[in-house]
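*Asks:* Each residue of the sequence shown is one higher than the one before, starting from 0 at the first, in numbering that gives the first Met the number 0.
Source of the hints: derived by calculation from the structure; they are not laboratory data. Hints are not guaranteed to be accurate.
Claimed, not checked - Only pairs whose alpha carbons sit at most 35 angstroms apart, straight line, appear in this in silico DSBU-like list of lysine-lysine:
no.: 1; residue 1: K93; residue 2: K58
no.: 2; residue 1: K1; residue 2: K103
no.: 3; residue 1: K14; residue 2: K67
no.: 4; residue 1: K67; residue 2: K93
no.: 5; residue 1: K58; residue 2: K17
no.: 6; residue 1: K17; residue 2: K93
no.: 7; residue 1: K103; residue 2: K14
no.: 8; residue 1: K103; residue 2: K67
no.: 9; residue 1: K14; residue 2: K58
no.: 10; residue 1: K58; residue 2: K103
no.: 11; residue 1: K1; residue 2: K93
no.: 12; residue 1: K17; residue 2: K67
no.: 13; residue 1: K1; residue 2: K17
no.: 14; residue 1: K1; residue 2: K67
no.: 15; residue 1: K103; residue 2: K17
no.: 16; residue 1: K14; residue 2: K1
no.: 17; residue 1: K93; residue 2: K103
no.: 18; residue 1: K93; residue 2: K14
no.: 19; residue 1: K1; residue 2: K58
Unchecked claim - Pair by pair, the computed Cβ-Cβ distance ranges are:
no.: 20; residue 1: R91; residue 2: D23; range: 27 to 37 angstroms
no.: 21; residue 1: A130; residue 2: G96; range: 18 to 28 angstroms
no.: 22; residue 1: A119; residue 2: E83; range: 16 to 26 angstroms
no.: 23; residue 1: R2; residue 2: E61; range: 17 to 27 angstroms
no.: 24; residue 1: K58; residue 2: D23; range: 34 to 44 angstroms
no.: 25; residue 1: R41; residue 2: D106; range: 26 to 36 angstroms
no.: 26; residue 1: A130; residue 2: K93; range: 18 to 28 angstroms
no.: 27; residue 1: A124; residue 2: R91; range: 11 to 21 angstroms
From the three backbone atoms N, C-alpha and C, an ideal C-beta is built for every residue, glycine too.
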Amino acid sequence: MKRCMIVDDSAVIRKVAKRILNSDMLRILEAGSGGAALAECRADMPDYLILDATLPDMKTLEFLTALKAIQAQRQPLVFLMAIELDLGPIMRAKRAGAAGFLLKPFDRQSLTTAFNEQVARAERARTQAAA
Numbered sequence: 000m001k002r003c004m005i006v007d008d009s010a011v012i013r014k015v016a017k018r019i020l021n022s023d024m025l026r027i028l029e030a031g032s033g034g035a036a037l038a039e040c041r042a043d044m045p046d047y048l049i050l051d052a053t054l055p056d057m058k059t060l061e062f063l064t065a066l067k068a069i070q071a072q073r074q075p076l077v078f079l080m081a082i083e084l085d086l087g088p089i090m091r092a093k094r095a096g097a098a099g100f101l102l103k104p105f106d107r108q109s110l111t112t113a114f115n116e117q118v119a120r121a122e123r124a125r126t127q128a129a130a
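Please build the complete structure, drawing on both the sequences and the hints.
*Replies:* Here it is, written out as structure tokens:
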């Protein structure tokens with residue numbers, strides 16, 4: 000079973016996203032801050048990570064740099080979750096290692112569709128890069 004961590008300071012966002020994405024094929028973990036997420040990743044790295052673009056305790060690029068520094072068999076695919084389609088922060092996050100982005104607010108259909116499309120695209124890119 001794949002594991003996805005949702006990192007957002009809003010308990011409501013984490014709870015709603017967890018209800019939407021949780022399935023027999025995907026177990027959802029939660030972290031309310033960048034520091035808590037990094038601690039979890041050091042203990043057991045998830046397959047995917049949905050990262051709020053505005054964490055209270057650290058900047059997105061700082062988080063991505065710290066995540067890359069964790070020794071793991073495989074780094075997770077990271078998806079930045081932003082409130083608006085602001086290309087500047089999204090592109091900086093992608094250059095720092097994020098695989099894609101998701102938008103808030105979301106409903107069941109928009110989140111599942113966007114998440115599944117982003118995962119498929121990132122997995123294809125990862126496979127092609129390894130070949």
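*Asks:* For each hint, tell me whether it holds in the structure or not.
*Replies:* So, going through the hints one by one against the coordinates:
1. K93 to K58: 14 angstroms, holds
2. K1 to K103: Between K1 and K103 the Cα gap is close to 23 angstroms, so the pair holds against 35 angstroms.
3. K14 to K67: 26 angstroms, holds
4. K67 to K93: With a Cα-Cα distance of about 13 angstroms, the restraint between K67 and K93 holds, given a limit of 35 angstroms.
5. K58 to K17: OK: K58 and K17 at ~23 angstroms, within 35 angstroms.
6. K17 to K93: 24 angstroms, holds
7. K103 to K14: 14 angstroms, holds
8. K103 to K67: Holds, because 25 angstroms separates the two Cα atoms, which is no more than 35 angstroms.
9. K14 to K58: 22 angstroms, holds
10. K58 to K103: With a Cα-Cα distance of about 18 angstroms, the restraint between K58 and K103 holds, given a limit of 35 angstroms.
11. K1 to K93: Given pair K1, K93 holds - Cα atoms ~22 angstroms apart, limit 35 angstroms.
12. K17 to K67: 24 angstroms, holds
13. K1 to K17: 14 angstroms, holds
14. K1 to K67: 19 angstroms, holds
15. K103 to K17: The hint holds at about 14 angstroms.
16. K14 to K1: Measuring from Cα to Cα gives roughly 18 angstroms; hence the hint holds.
17. K93 to K103: 18 angstroms, holds
18. K93 to K14: With a Cα-Cα distance of about 26 angstroms, the restraint between K93 and K14 holds, given a limit of 35 angstroms.
19. K1 to K58: OK: K1 and K58 at ~26 angstroms, within 35 angstroms.
20. R91 to D23: 27 to 37 angstroms: At 35 angstroms between Cβs, range holds.
21. A130 to G96: 18 to 28 angstroms: Because 20 angstroms falls inside the window, the suggested range holds.
22. A119 to E83: 16 to 26 angstroms: 24 angstroms Cβ-Cβ, so the 16 to 26 angstroms window holds.
23. R2 to E61: 17 to 27 angstroms: 23 angstroms, holds
24. K58 to D23: 34 to 44 angstroms: At roughly 35 angstroms between Cβ atoms, D23 and K58 fall inside 34 to 44 angstroms, so the hint holds.
25. R41 to D106: 26 to 36 angstroms: Check passed, 33 angstroms falls within 26 to 36 angstroms.
26. A130 to K93: 18 to 28 angstroms: Given about 21 angstroms between the Cβ atoms, the range holds.
27. A124 to R91: 11 to 21 angstroms: Holds: the Cβ-Cβ distance is about 19 angstroms, inside 11 to 21 angstroms.
Hint compliance for this structure: no hint is broken.
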